[in-house]
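Chains E and C are the protein sequences, given in the same order. For the first sequence, the positions run 1 to 280 when the numbering used here is used. For the second sequence, the positions run 1001 to 1335 when the numbering used here is used.
Some hints here could point you the wrong way.
What the hints assert, rightly or not - Pair by pair, the computed Cβ-Cβ distance ranges are:
#, chain 1, residue 1, chain 2, residue 2, range
1, E, Ser189, C, Phe1284, 36 to 46 Å
2, E, Phe256, C, Val1178, 50 to 60 Å
3, C, Pro1292, E, Asn98, 54 to 64 Å
4, C, Leu1275, E, Phe256, 45 to 55 Å
5, E, Arg135, C, Ala1045, 33 to 43 Å
Stated by the list, open to error - Short, incomplete list of chain C residues facing chain E, as computed with Cβ under 7 Å:
#, residue
6, Ala1016
7, Ala1020
8, Asn1060
9, Gly1063
10, Met1064
11, Leu1068
12, Asp1090
13, Asn1094
14, Ala1095
15, Tyr1098
16, Pro1099
As the list claims (entries may be wrong) - Okay, the calculated bits of chain E under chain C, using three or more residues with CB under 8 Å as the criterion:
#, stretch
17, 130 to 143
18, 229 to 239
No lab work stands behind these hints, which were simulated from the structure alone. Even glycine gets a Cβ: it sits at the ideal position worked out from N, Cα and C.
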Amino acid sequence: MAAMPATLRVSDTGAAWAVSDPRELALRIRLRAVRMVAPAGSGYLGQALSSAEQVAAVFASARPGVDRIVCSPGHYIIGPFAAAAELGLIDLSGYGQNDSAFEAIGTERSPVVDYTCGSLGQGLSAALGFALADRFRGRDARVFTMVSDGELEEGQVWEAALFAAHHRLDRLVVLLDANNSQVDGPVDSITTLEPIAAKWAAFGWDVWDLDGHDVSALSVALAAAPMRAGQPSVLVCRTSTRHGLDCLPPGADGHFIKLTPELAFAAERELTGKLEALRA
Amino acid sequence: MREPPYRTELKPYGRALVAAARHRGEILCLSGDLTRQTEVDLFQAEFPDRFINGGMAEANMMGMAGALARCGYLPFVHTFGVFATRRPFDQIANAIAYPNLPVRIIGFMPGVSTPGGPSHQAIDDVALMRALPNMTVVDVADAVETRQVVSAVADVPGPVYVRLKRGEIPVIFGDDHVLRLGRAEVVLAGTDVALFASGMMLAAALAASRVLGEHGVSVSVVNVPVVKPLDSATVLAAAAAAARLVVTAENHSVIGGLGSAVAETIAEAGLGRPLRRIGLRDTFAEGSLDAPFLFERYGLSTGAIVETIWSALSRAGPAPPAPVTATRSGEYSPV
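Could you put the whole structure together from the sequences, leaning on the hints where they help?
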């Protein structure tokens, strides 16, 4: 398959891919993310580790050329980039280097997703705009929207949550990565967000609270979307920024992981081993 | 050009938006819970399916507008200028200006034209919007220009911020006046002073020019409806033609708006002219019951322009008084 032009989105006509095993794709996202971060020695690897199953499940569920993917936190763009590269959609060479379209924090030049933004808390509003446009046009598209728990500290997310429920935007599906990680430390040490699921339910959303590393459960939920007519839905994905990479030291900073050459080597060995075991 | 007192019109913008929307299906209308105040009750009545009330949630509204524009729509977003620019500045920067999307942000109630106090006064909106790459900034002067502003901005490829007076809109220009986005326009010719005015200050600038002319000071008046991109050719030509002084007048802070734009342009061209900026002098404006009081107190009156020019030219004696125009209900004269 030819690589996409750098500007193509998964929702553009002509986009094509297939995911045979989302579990395997999640592993490959982790391995690819390690390889993307290793040259710089640090990066947003923790975001890829906590969201790998969500990204894999979205790519397994999204209909190419129809459904949309919004990656609200630009720091998470590493996940969709890694998945798209593993699926043969993009050539990631130059990632994170000067003058590359693939910046570590998503920009307007970031391909693959319909929207991403490094200023946090803005993606859900864009997702509403897409959902409204699709409704105006009678377009049968779902908008899969990645949101992080730290973003819930931004008021704009709740403005958008109110609007979505009031306007019954049931084609909208939020994957909320509840990894309890933000720059200054664990989210719950800075702002109490719990009960997260009850908050979204109170805002009028259909809520699924699940293990965010259970790719089968995620795939089942996404396949069912829209789950309830007239209601937007949110999957509260309970995750960890260290999941699936046992060699990480206990104190690794989930927001911005340092990856020494030794650690990168160990991570490569661990993940290739897991991949071989899965394929065996 | 008409003479004060000017007759006024109601809802010239709202009618123009409806007229444009009749033949352009891609136009959408967003309102931040200020639908009647921003004249788009007319749009809501005629095109309810293309009207989106974002509620009091400007950040979300700007984010939605950006995504709608990505999908090929032409969103016109309405609220008061102060809420359109200060609250959602980061959203406009990231979701609209950076991707260079054709969102039209319409901010009503410019500067101190509101009795709503500092929370409602858009005194820095031009500065904020002018600082954003890709943004066009428009501040029209009267109803004739307002009637044309929708069609004038409709096909600008990137985002546009338009500030509009609320309520009774004076008719200053003749019906043959054409608003051109790329052009500032010398509306009165003069030789001593070049007076650049935007938006609501055009009426006062015209009145000041007349008074000064009667007292031997020749003042050209340049209407500048587009503060960015500035028509630097017209600005430089008018400034160069003024032998002694350049003055700017804006219903806005003197920092970052028309005065700054003109100053930057003439300084970079190496054109040496004394400069005076009429506007809010780096202050919030308190104590209002009505706009005329604030225009007077904060130096935005015809008299303030006359005195500024009189004193900058070191003319002897007190400045001539500004005219008082008898103005009936439904008419408009500058303070």
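(request) Against chain E, run the beta carbon of C/Ala1095 and see if the smallest gap drops under 7 Å. (result) holds, 6 Å
Per-residue hint verdict: C/Gly1063, partner chain E, C-beta under 7 Å:
Nearest chain E Cβ about 3 Å off; hint holds.
Taking the least C-beta to C-beta distance, is C/Ala1016 closer than 7 Å to chain E? violated, 23 Å
Cβ-Cβ distance between E/Arg135 and C/Ala1045: within 33 to 43 Å? The hint (33 to 43 Å, Cβ to Cβ) is violated, given that E/Arg135 and C/Ala1045 are roughly 21 Å apart.
Exercise for the section: Using 7 Å as the Cβ threshold, decide whether C/Ala1020 counts as touching chain E. Expected result: It is violated, given that the least Cβ distance between C/Ala1020 and chain E is near 18 Å, above 7 Å.
*C/Tyr1098 as chain E interface residue, shortest Cβ-Cβ below 7 Å*: holds, 6 Å
Note whether the CB distance of C/Pro1292 and E/Asn98 lies within 54 to 64 Å or breaks it.
Between C/Pro1292 and E/Asn98, where Cβ atoms are some 57 Å apart, the hint holds.
Given a cut of 7 Å on the nearest C-beta pair, is the interface hint for C/Asn1094 held or broken against chain E? Because about 5 Å separates C/Asn1094 from the closest Cβ in chain E, which is inside the 7 Å limit, the hint holds.
Closer than 8 Å Cβ to Cβ for three or more residues is the test here. Does the stretch 130 to 143 of chain E pass it with chain C? As far as the stretch 130 to 143 of chain E goes, the hint holds, because 6 residues have Cβ atoms under 8 Å from chain C.
Checklist entry - Quick one, is the C/Leu1068 hint okay against chain E at 7 Å, beta carbons? => result Cβ of C/Leu1068 sits 5 Å from chain E, so the hint holds.
- Would you check whether C/Met1064 satisfies its interface hint, that is, whether its CB is within less than 7 Å of any CB in chain E? This hint holds: C/Met1064 lies near chain E, its Cβ roughly 4 Å from the closest one there, short of 7 Å.
**Message:** The hint says 45 to 55 Å between C/Leu1275 and E/Phe256; measuring C-beta to C-beta, is that right?
**Reply:** Once the Cβ atoms are compared, 48 Å apart, the range 45 to 55 Å for E/Phe256 and C/Leu1275 holds.
Comparing the model with each earlier hint shows violations of hints 5, 6, 7 and 18; every other hint is respected.
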